[in-house]
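Visitor: Whole structure, please, built from the sequences with the hints as guidance.
Top to bottom, those sequences are chains A and B.
Positions 1 to 266 (my numbering) are the ones given, in order, by the first sequence.
Positions 1 to 266 (my numbering) are the ones given, in order, by the second sequence.
In case anyone wonders, no lab produced these hints; they're calculated from the structure.
Just so you know, nobody snuck in bad clues.
The list cannot tell twin chains apart, which means a pair is met if one copy fits it or any two copies do.
Using 30 angstroms as the maximum straight-line C-alpha spacing, the simulated BS3-like pairs for lysine-lysine come out as follows:
{"hint": "1", "residue 1": "LYS242", "residue 2": "LYS172"}
{"hint": "2", "residue 1": "LYS242", "residue 2": "LYS91"}
{"hint": "3", "residue 1": "LYS22", "residue 2": "LYS242"}
{"hint": "4", "residue 1": "LYS91", "residue 2": "LYS23"}
{"hint": "5", "residue 1": "LYS91", "residue 2": "LYS22"}
{"hint": "6", "residue 1": "LYS87", "residue 2": "LYS23"}
There are 2 protein chains.
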Amino acid sequence: MPRAITAFSNPIVKQVRGLRDKKNRRREGLFMAEGLRILTEAREAGFLPRILFYGTGTRHPLLDSLLAQTEADGGEAIETSADILHKLSGKENPQVVLGVYQAFSTDLGRIDRNEAGLWIVAQSLRDPGNLGTILRTGDAVGAGGLILVDDCVDPFSVEAVRASMGALFTQKIASAPWESFLEWLRSGEGELIGTSLRAAHDYQEPRYRRPAFILLGNEAQGLPKAYEEACDTLVKIPMLGKADSLNAAVACAVMAYEMLNQWRHS
Amino acid sequence: MPRAITAFSNPIVKQVRGLRDKKNRRREGLFMAEGLRILTEAREAGFLPRILFYGTGTRHPLLDSLLAQTEADGGEAIETSADILHKLSGKENPQVVLGVYQAFSTDLGRIDRNEAGLWIVAQSLRDPGNLGTILRTGDAVGAGGLILVDDCVDPFSVEAVRASMGALFTQKIASAPWESFLEWLRSGEGELIGTSLRAAHDYQEPRYRRPAFILLGNEAQGLPKAYEEACDTLVKIPMLGKADSLNAAVACAVMAYEMLNQWRHS
Numbered sequence: 001m002p003r004a005i006t007a008f009s010n011p012i013v014k015q016v017r018g019l020r021d022k023k024n025r026r027r028e029g030l031f032m033a034e035g036l037r038i039l040t041e042a043r044e045a046g047f048l049p050r051i052l053f054y055g056t057g058t059r060h061p062l063l064d065s066l067l068a069q070t071e072a073d074g075g076e077a078i079e080t081s082a083d084i085l086h087k088l089s090g091k092e093n094p095q096v097v098l099g100v101y102q103a104f105s106t107d108l109g110r111i112d113r114n115e116a117g118l119w120i121v122a123q124s125l126r127d128p129g130n131l132g133t134i135l136r137t138g139d140a141v142g143a144g145g146l147i148l149v150d151d152c153v154d155p156f157s158v159e160a161v162r163a164s165m166g167a168l169f170t171q172k173i174a175s176a177p178w179e180s181f182l183e184w185l186r187s188g189e190g191e192l193i194g195t196s197l198r199a200a201h202d203y204q205e206p207r208y209r210r211p212a213f214i215l216l217g218n219e220a221q222g223l224p225k226a227y228e229e230a231c232d233t234l235v236k237i238p239m240l241g242k243a244d245s246l247n248a249a250v251a252c253a254v255m256a257y258e259m260l261n262q263w264r265h266s
Numbered sequence: 001m002p003r004a005i006t007a008f009s010n011p012i013v014k015q016v017r018g019l020r021d022k023k024n025r026r027r028e029g030l031f032m033a034e035g036l037r038i039l040t041e042a043r044e045a046g047f048l049p050r051i052l053f054y055g056t057g058t059r060h061p062l063l064d065s066l067l068a069q070t071e072a073d074g075g076e077a078i079e080t081s082a083d084i085l086h087k088l089s090g091k092e093n094p095q096v097v098l099g100v101y102q103a104f105s106t107d108l109g110r111i112d113r114n115e116a117g118l119w120i121v122a123q124s125l126r127d128p129g130n131l132g133t134i135l136r137t138g139d140a141v142g143a144g145g146l147i148l149v150d151d152c153v154d155p156f157s158v159e160a161v162r163a164s165m166g167a168l169f170t171q172k173i174a175s176a177p178w179e180s181f182l183e184w185l186r187s188g189e190g191e192l193i194g195t196s197l198r199a200a201h202d203y204q205e206p207r208y209r210r211p212a213f214i215l216l217g218n219e220a221q222g223l224p225k226a227y228e229e230a231c232d233t234l235v236k237i238p239m240l241g242k243a244d245s246l247n248a249a250v251a252c253a254v255m256a257y258e259m260l261n262q263w264r265h266s
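Guide: Now the structure itself:
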């Protein structure tokens, strides 16, 4: 049976609110996701929350089944106020449901590259919105997942989960230092494709083969030269304006849709 | 001659800090942009700041010329501390220069559609990061600018300017209610192209003609049905995953690069 929490001082409220900080997420191995739609996608992907908060008076068939399954799975359902949901999520207009999930392993060894023709690799990605948007794009193009190389923003941050629109639960996520990633990559099939201003080839020139790994550089610096040199193919996306780079998530989408278009028309 | 400000209580500090709020931007007709690179792009596009803040001890040839030109243009140069720059921008690691600019008119009548083959139109866009990223993409694909339809987020917000990476100064920006936009659109040449899940045609099917107007819907709701019906062409971007939509800036980029690719190969 769901229980009700109305006090801001309740220890669970404090604990969950704390999950907005990376160090707390790490220590507790938990993260949060918001919104009935995202929580339903999570469930369809096999993830049920450990704690499910919902606003008093919220009625929806999807919420009912989510509540029942969460409790059957040993999770806890908590009815609470809009004010507490606001406090938990930090959003001005919080969603009426919020789930606390067990963080999953981001061990590179968990990735089976043969599961998909496309994988996205991001190096030192800093912006959680970009990370989430890249996951969302990965889902759309049928990528297998996102490999985070070097020191990236936490994929379990509230902003990343929010921007992923549920793709955090459907895309595989791994994290590894560059050398480990490269060793893993070269232990099997796969082409590493980077984008660079220094590239000689337009991004529409190569015929991309699967599995393809798109390598995205840090938002401010782009890819280090040594990383570019490790790529099998370096391409450039045409840019006609004053700026010399695209947003990282945009560059990812332009590359990924080119590959998807080549493959679906061949 | 630059003057120095070290006190948080200085009225200019208060005034500029206030520009993070839309109502203050509107009342004063001012907005802020950060970073030597963006301010230099602004200057190249013909925009000099009314007030130029720079961190004590900052030395750069680009800053020197920016200072000289700002003062020659009647603007004010102010040397200040990193703490005050932080207070002004709200950023943890503020840029060492920050400019305050006169907001420009977003009257639709200022747009000359013949200046470019592509224009981006966004309806009820809510996220300033998306708005800025769309401007940045517009710059890259050689679009003329962005037309904001109905109630969109303020293009002069700090987050939008930041995400635009300077494209706020190189892209034209207009704002109009839907009916006024439609009337203006139909008073001249131009095809209105919307993306929709209900569309029958893949986005790579049509041969796009210039000037083309890409119509993007609100992040949460997409385009209203009546707006879709007003489009000359409705297309869908293929999506293979669980989600049924792309991030608005990503959808914009996928559409815009398809058009750019058609035109540059023809």
